[in-house]
Every structure is written in C-alpha cells, then in structure tokens.
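Undergrad: If you want the building blocks of each chain, they are given just below.
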Amino acid sequence: MNSRIENHSRSCFLELENYSRSCFLGRSTVRKHSGIGFWRIAVTLVAILLAPAIARAQDARQIMEEAQKRTDAKSQHYEGLLQVVDAKGKVTDKRWSYDRTGSHGRSKSVLTFTQPAEVKGVALLVINYPDRASDQWMWTPAIQRERRIAMQDRSTRFFGTDFSFEDLEERDTEQYDYAMVGDDTIEGVACWKIESKPRKTKSSQYTSSIVWVRKDNYAFQRVENFVQGAIARRLKYSRIENVQGIWTGRVLEMADLRRNSRTVLTFEKLEYNVPMKDENFTLQALRRNQ
Amino acid sequence: MTRGRLLRKPLDTADKRTFRVRSAAALGPQPSADLGPCGAFVELRRSPCSHGLLRNLPRVIFAALLALPLLASFAAAQSISQKGFLELKGIGYPQTTTQDDTQAVGEALVRYEASAKPATWLKLTGALNARGDTHDQTTWDGVDWEDRGVTRPGLSVRRLSGLLSHGPVSLEVGKQFVRWGKTDILNPTDRFAPRDYLTVVDNDFLAVTGARLTAGLQSNTLDLVWTRFTPSRTPLLDQRWSGLPEQLQALPLVDAGAQFPTRSQAGARWSHVGSGFEFSLSGFSGNNNLPLIVTSVPTFPAGVVAAPLPVAMPPAIPASVPIVRVYPQIWMAGGDAAVPLSFFTIKGEAAFFGTSDARADQYWLYVIQVERQSGEWFFVGGYSGEVVTLQRTQAQFAPDRGMTKAFLGRAGYTIDTNRSLAVEAAVRQNGDGSWMRFEYSQASGQHLRMTAQATWIRGEPTDFFGRYNRNSHATLTVRYSF
Chain A
1 MNSRIENHSR
11 SCFLELENYS
21 RSCFLGRSTV
31 RKHSGIGFWR
41 IAVTLVAILL
51 APAIARAQDA
61 RQIMEEAQKR
71 TDAKSQHYEG
81 LLQVVDAKGK
91 VTDKRWSYDR
101 TGSHGRSKSV
111 LTFTQPAEVK
121 GVALLVINYP
131 DRASDQWMWT
141 PAIQRERRIA
151 MQDRSTRFFG
161 TDFSFEDLEE
171 RDTEQYDYAM
181 VGDDTIEGVA
191 CWKIESKPRK
201 TKSSQYTSSI
211 VWVRKDNYAF
221 QRVENFVQGA
231 IARRLKYSRI
241 ENVQGIWTGR
251 VLEMADLRRN
261 SRTVLTFEKL
271 EYNVPMKDEN
281 FTLQALRRNQ
Chain B
1 MTRGRLLRKP
11 LDTADKRTFR
21 VRSAAALGPQ
31 PSADLGPCGA
41 FVELRRSPCS
51 HGLLRNLPRV
61 IFAALLALPL
71 LASFAAAQSI
81 SQKGFLELKG
91 IGYPQTTTQD
101 DTQAVGEALV
111 RYEASAKPAT
121 WLKLTGALNA
131 RGDTHDQTTW
141 DGVDWEDRGV
151 TRPGLSVRRL
161 SGLLSHGPVS
171 LEVGKQFVRW
181 GKTDILNPTD
191 RFAPRDYLTV
201 VDNDFLAVTG
211 ARLTAGLQSN
221 TLDLVWTRFT
231 PSRTPLLDQR
241 WSGLPEQLQA
251 LPLVDAGAQF
261 PTRSQAGARW
271 SHVGSGFEFS
281 LSGFSGNNNL
291 PLIVTSVPTF
301 PAGVVAAPLP
311 VAMPPAIPAS
321 VPIVRVYPQI
331 WMAGGDAAVP
341 LSFFTIKGEA
351 AFFGTSDARA
361 DQYWLYVIQV
371 ERQSGEWFFV
381 GGYSGEVVTL
391 QRTQAQFAPD
401 RGMTKAFLGR
411 AGYTIDTNRS
421 LAVEAAVRQN
431 GDGSWMRFEY
441 SQASGQHLRM
451 TAQATWIRGE
461 PTDFFGRYNR
471 NSHATLTVRY
481 SF
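For the protein sequence lines, the chains are A and B, in the order given. Just so we're aligned, residue 1 is where the first sequence starts under this note's numbering, counting upward by one. Just so we're aligned, residue 1 is where the second sequence starts under this note's numbering, counting upward by one.
To be clear, the hints were calculated from the coordinates, so they are not data collected in a lab. By construction, the Cβ of each residue, glycine as well, lies at the ideal position given by its N, Cα and C atoms. Worth double-checking, as some hints may not be accurate.
Said to hold, decoys possible - Result set (DSBU-like, lysine-lysine): computed pairs, CA atoms no more than 30 Å apart in a straight line: (1) 215/A / 90/A; (2) 215/A / 236/A; (3) 117/B / 269/A; (4) 117/B / 90/A.
Stated by the list, open to error - Stretch-level coverage of chain B by chain A, calculated; a stretch enters the list once three of its residues show a Cβ under 8 Å from a Cβ in chain A: (5) 252-263; (6) 272-278.
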C-alpha cells in the first residue's frame with residue numbers, strides 16, 4: 001500500500017506540469033486508503049515549498065496552451081516565398097506550397113516545392129502526433145520514390161534552407177514542459193519569456209527553447225532554440241496580422257547561428273479553414289499529386 | 001575504328017546491327033554463363049535514321065522552340081503545372097576500346113513535363129523528350145511511344161497518363177512510371193522499371209504502358225499493376241558499353257532482333273506503414289526486361305549454313321552470327337522493409353526469381369543497407385548479394401545481377417545552398433572489380449546547374465565491372481531548368 005502511494009506521489013510530481021493542482025485533488029481517494037499521516041504531511045510540505053515554482057510553471061503552461069488554442073484551425077494553406085541568405089550575403093529564392101489539415105498534435109501537412117524548377121515537385125509529408133515525434137516522408141519526383149526521414153536525420157537542413165526537418169513539425173504543448181523565465185520586451189512589444197523543454201516522448205535535436213509570447217494577442221514573437229546550452233537557431237516573427245481571427249506572423253526569419261545563415265519565409269495567399277480532404281495527406285497522395 | 005554495317009530493320013523486330021569479323025578463332029559454343037552477368041550485347045546495325053548531334057541539334061532546338069508557345073498558354077491556366085529542362089552533356093573517355101575508338105561524346109536533351117487537373121478526380125500528366133547525340137545513339141523517326149528500339153528515340157513520349165481518384169482509391173492508366181522497393185542502390189522488387197542502359201553505369205528509367213490501381217490510406221496500401229511489356233534498352237554492340245568479352249569482340253555478330261513477349265505482366269504489392277517501421281510484400285508475373293542472348297545458325301561464306309555454333313572451331317570465318325534478344329518469362333516474390341533506429345536507418349530488400357524458361361536461371365537477389373544523415377553529410381552503405389538456385393548456361397545482359405556480391409556505398413556533402421559533393425562506389429567482394437564516381441554539382445541562379453563527374457572503373461575481364469575496364473570517363477553536364 002505504501003509503495004502504491006509513493007509511486008503515485010512520484011508520478012504526480014513528475015507530471016506536475018501536466019495536471020497541476022488537479023493531480024493533487026485527484027489523489028483524495030488514495031489518501032483515504034493510506035492511513036499514513038507521514039506521506040500526507042511530506043507531500044503537503046513539498047507542495048508548499050514548491051508552490052511558487054509550480055505556479056510559475058502553471059502560468060507558463062497556461063500561456064502556451066492559450067497561445068496554442070488561439071491558433072487552432074481546421075486547416076491552413078499558404079504559398080511560401082523563401083529567401084535563403086548565406087554567410088556571404090548571397091540570396092537564393094525558393095517557393096513552396098503548404099497545406100495542413102488539423103491542428104498541432106493532430107495535424108497532417110504537405111509541403112511542395114514550386115520553385116526553383118529543378119526542385120519543383122519535391123514534397124514533404126508530415127504527420128504529427130500529440131504524444132510523440134512526427135512521421136515524415138520526402139517525395140523526390142526525379143526518382144519517383146519517397147524516403148522516410150528518420151528521427152536522427154531531423155536535425156539536418158531541409159533542402160538548403162535554414163529550417164531543419166524538425167522545425168517543420170507542428171509543436172504541441174503536451175510534448176513540452178514549460179517554465180516562466182520572466183517578462184521581456186521585444187521590438188517594443190511586451191512579451192512573456194518562457195522556457196520549454198521537450199519531454200522524453202518527444203525526440204528533439206534541441207535541448208531547450210526560449211519562447212517570447214506577446215502579451216497583447218498571445219502570438220509568438222521569437223523562439224530561440226538551444227543545443228546543450230548553446231543557441232543553435234533563432235526564429236523571429238514579424239508582420240503579425242489577424243488573419244481570419246488568428247494572429248499570424250506573416251514573415252518568419254529562421255537564423256542558423258552556427259552557419260551564420262538565415263532563411264526568410266513570407267506567407268502569401270494565407271488562408272485558414274480551407275476545405276481539405278484527409279486522403280490528400282498520405283504517401284499515396286504524395287505520388288499522385290506530384 | 002570498327003563500325004557496323006547498315007542493315008534494314010525488320011518490321012516485327014527491333015533494330016539489327018552487324019559487327020565486323022576480326023578472327024574466327026573465338027567462335028565457339030553458344031555464349032554461355034562464362035560470359036558473366038553482362039553476357040553479350042547484341043545490337044549491331046546502324047539505323048538508317050540515326051544522325052549525329054550536328055544533324056540532330058537543329059531538330060532539338062526546333063522542338064524546344066515549338067514547346068515555348070505551349071508553355072506560355074499552359075502557364076495561363078491555373079490548373080496546369082509544367083516544368084522541364086534543356087541538358088547538354090559532354091563525356092570524355094581517356095581510353096579507346098576494341099570496338100569503339102570514340103573518346104568524346106556529346107548529348108543534348110530537352111524534356112518538357114506538364115500536368116493538368118480538369119476535375120478534382122482527374123489528373124492528366126504528359127512528358128516529352130527530344131534528344132540528339134554525336135555517337136549514333138539516337139534515331140529520329142517520328143514520335144516514338146513504345147521505347148523498344150535499340151537506339152534512343154529522337155522525339156518520344158516519355159509519359160502520358162490519366163489518373164482517376166476517388167477517396168482512397170486511384171487508378172492511373174497510360175504510360176507511366178511504377179517504382180517499387182525501398183533500397184537506394186539496387187531494387188530487386190522493382191519489376192516495372194526498365195531502364196535505358198546504353199551507357200550502363202549512367203542509366204535512366206523508361207516508362208511502362210498499363211494500368212495501376214492503388215487502394216488504401218496511410219497505413220495499408222494495395223498496389224495492383226498490369227502493363228504491356230517494355231524492355232530495357234541494352235548497350236549498342238559496336239560501342240564501348242557493349243562490354244563484349246574479348247573472344248566475342250572479333251565475331252561478326254548480327255542482331256537478329258528481339259523476341260518481345262506478347263503476354264502482359266501483372267504484379268501486386270501490399271505496403272504497411274507503422275510508427276517505427278514500414279514494409280512491403282510484392283509479387284510479379286511477366287517477363288524479365290533484361291534479355292537472354294541467344295545465338296542462331298551462323299552463315300558461312302558461299303552460303304554454307306552450319307549447325308548452331310559448332311563446338312569445334314570451324315575452319316572458315318562465318319559471314320555472320322545471328323543473335324536474338326529473348327526476354328524470359330519470370331515470376332518474382334519479394335519484400336522490402338525500412339526500420340529507423342537510433343543512429344541509422346536500416347533498409348533491406350529481397351526477391352526470388354523463378355522461371356519456366358529452360359534457358360534462364362532461378363535465383364535470389366537481396367540488398368541490405370544502412371543510411372544516416374548527419375549535418376550536411378549523407379551516408380549510405382550496404383551489401384548486395386545473389387544466390388543462384390538453378391544455374392543455366394545462357395548468356396544474358398543482367399546489370400542488376402552484375403551489381404551483386406558487392407559492397408556498395410554513397411556519401412554526399414552539401415557545401416551550401418547551391419553546391420554539393422558526392423562519391424559513390426561499388427567494390428566486388430572478391431576484389432575482382434570496382435566502380436567509383438565523384439561528383440561536384442553547382443547551381444547558378446534559379447535555372448542553371450553544372451555537374452562534373454569522374455567515373456573510375458577497374459576489374460578483371462571476367463568481372464561485370466571489368467568488362468568496362470577501359471570505360472572510365474569524365475562527364476560535364478549543364479542543365480537549364482524551366
């Protein structure tokens with residue numbers, strides 16, 4: 001019995017950011033059976049000691065969940081203009097078309113290059129999950145074959161841009177732990193500064209990220225991604241506009257700070273809640289839609 | 001330079017080519033398994049329609065000009081997508097061969113592809129090729145649909161198909177590409193993918209004409225394919241890639257055409273995609289797109305006809321040794337799988353090939369490879385093997401089997417957005433042959449890409465690679481994509 005309670009307490013703390021106070025409330029039935037005051041007191045004391053941190057974490061999670069909720073849409077479509085600027089300042093233009101059905105951890109997306117001509121038709125299918133890393137396949141028309149992008153390959157750059165394969169996933173709040181770092185002002189906009197760390201179920205190249213969330217509309221203003229404490233990539237959002245009720249950064253600048261290069265992605269023809277069919281987000285669809 | 005004489009093309013067979021006699025001493029029994037996996041490649045006739053690049057180039061340019069107004073009109077329609085390229089390639093061979101002393105070859109290719117979606121359930125796709133070269137590898141004779149000639153068609157329909165979709169079911173009818181398998185280096189289960197092997201190590205896929213029904217969504221998919229037979233294009237016998245064994249290089253070989261199977265071929269493939277793995281099972285019944293080389297009765301001077309290639313050396317030099325390309329009936333059962341692990345992805349593919357043709361072998365082909373992408377590097381390494389369960393003695397052209405019993409690898413490095421390096425290699429497990437290719441590629445602007453390659457081939461004369469011992473070469477390709 002004791003071990004049951006101990007296990008439950010431990011899991012409760014481990015999942016603190018998931019369930020927060022509701023987890024403690026949920027334990028009441030167990031406590032009735034315990035009959036041991038020591039554990040009740042210990043848990044209460046620890047909870048009191050950790051209360052400020054828990055509150056901050058809870059705030060951070062609530063903010064992130066609210067931010068995610070505000071970007072929920074049944075689908076999304078845009079034509080992306082990518083300008084890849086290398087370390088010497090040379091600019092290379094690419095274009096892709098992006099379709100997504102569902103939101104966040106339950107979404108599927110297809111990204112298809114439309115320019116330059118030599119990569120036209122190259123497509124990436126991403127199937128996101130709420131509890132684990134996404135599945136990704138890349139279709140190459142020249143060889144008429146798709147290739148599964150393995151987990152360990154997700155840190156590599158996507159077709160010469162500064163986005164990695166992992167950056168093309170949709171993040172879900174359930175896959176991260178959050179902690180409030182504080183308040184900050186980015187380009188004159190008041191933001192919450194929140195640290196996110198991937199959970200064990202989420203395989204990620206980044207060990208942590210710092211996210212700046214605007215206080216006025218919960219839109220992301222900036223994300224800095226770290227690998228072993230060193231910043232690896234910085235994503236800046238600009239031209240944040242209300243599109244069909246969703247505050248969206250229409251210009252994203254991803255900088256690879258290790259390569260000293262950056263890619264500017266501009267959303268054109270952006271639309272939300274466009275009718276889309278689920279069968280267009282499969283491997284078979286990749287082949288037939290080439 | 002030894003070049004073949006011109007013969008007329010029979011209506012019901014492919015082109016024929018002749019090859020001049022050098023010595024009768026090599027005339028022996030029927031070409032057999034001792035020819036190795038490449039066997040004898042037997043097309044030796046100069047086509048009456050063949051031309052060099054200088055004569056073909058105006059036609060290529062004309063075709064390109066003709067395509068331009070079409071491009072403009074297509075571009076105006078929103079539901080139509082198009083792309084294409086103009087490619088110029090120069091190949092330099094440091095060494096000559098017995099049957100081919102040409103050391104510089106130029107090739108030009110214009111490809112235009114378009115697709116239209118007149119309705120949500122219908123998609124039409126078409127592609128045209130216009131090409132020319134300086135080495136008599138191209139024949140201009142109207143618009144080619146079949147891709148059955150011994151030379152490349154000057155103007156051809158590369159692809160033309162209609163795709164009907166309804167929910168999880170789609171049906172594609174017409175000339176199309178069907179690719180099966182998961183591995184990158186060799187695909188034993190890829191039975192609907194004949195290739196153009198005029199330049200054996202730089203081959204390109206040919207489309208097949210038929211129907212393909214695909215049913216299923218992401219996790220489980222059934223693929224049913226029915227096609228008309230399309231052969232792989234074998235190397236020209238009077239050119240360096242024929243890879244003739246030394247004793248056959250002297251024979252007056254005459255291509256007596258090909259016996260194309262009249263039956264159609266069919267295949268089925270079931271694919272399953274899991275969260276941490278994926279695999280497929282496939283079956284095929286049809287004909288091998290790579291031929292057996294069958295000799296007929298040689299003709300001697302003064303019209304004397306001998307029994308089929310005598311075992312003892314004939315005293316006289318035969319005037320001709322007719323050779324026919326025969327595509328044996330085969331069936332295949334196989335599978336492929338890919339499993340992403342922590343540090344690399346492991347992929348495998350294996351297939352068994354059975355036959356009712358008494359001249360063809362029965363055998364297993366298998367490939368196992370690992371791949372890993374790390375930063376700007378990409379690595380693939382593996383082994384391809386063969387197990388012959390029933391050995392026959394008929395000569396054949398089989399580059400797929402020729403690539404087996406070898407370690408294979410590829411490494412690529414992306415220098416920056418526009419530049420990349422790659423090296424590929426295959427080394428025979430007994431060390432008898434090897435092939436290696438270095439590649440540097442650089443894009444310039446939105447449309448232009450230049451690729452330089454150096455290919456090094458070495459091996460014993462009995463080895464598949466060794467037959468191309470003198471074919472190491474350098475290639476420079478410039479491609480303008482639109």
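Undergrad: Hint by hint, note whether the structure agrees.
TA: Comparing the hints with the structure gives:
Between the alpha carbons of residue 215/A and residue 90/A the distance comes to roughly 36 Å, so the proposed pair goes past 30 Å and is violated. At most 30 Å may separate the alpha-carbon atoms for a hinted pair to count; residue 215/A and residue 236/A meet this at roughly 16 Å. Proximity of residue 117/B to residue 269/A is assessed by CA-CA distance (about 20 Å); at most 30 Å being required, the pair is judged to hold. Proposed proximity of residue 117/B and residue 90/A is contradicted: the alpha carbons are some 37 Å apart, above 30 Å.
Restraint check on the region 252-263 of chain B versus chain A: 0 residues with Cβ-Cβ distances below 8 Å, three needed, restraint violated. Counting residues of the region 272-278 of chain B whose C-beta lies closer than 8 Å to any C-beta of chain A gives 3; at least three are required, and the coverage claim holds.
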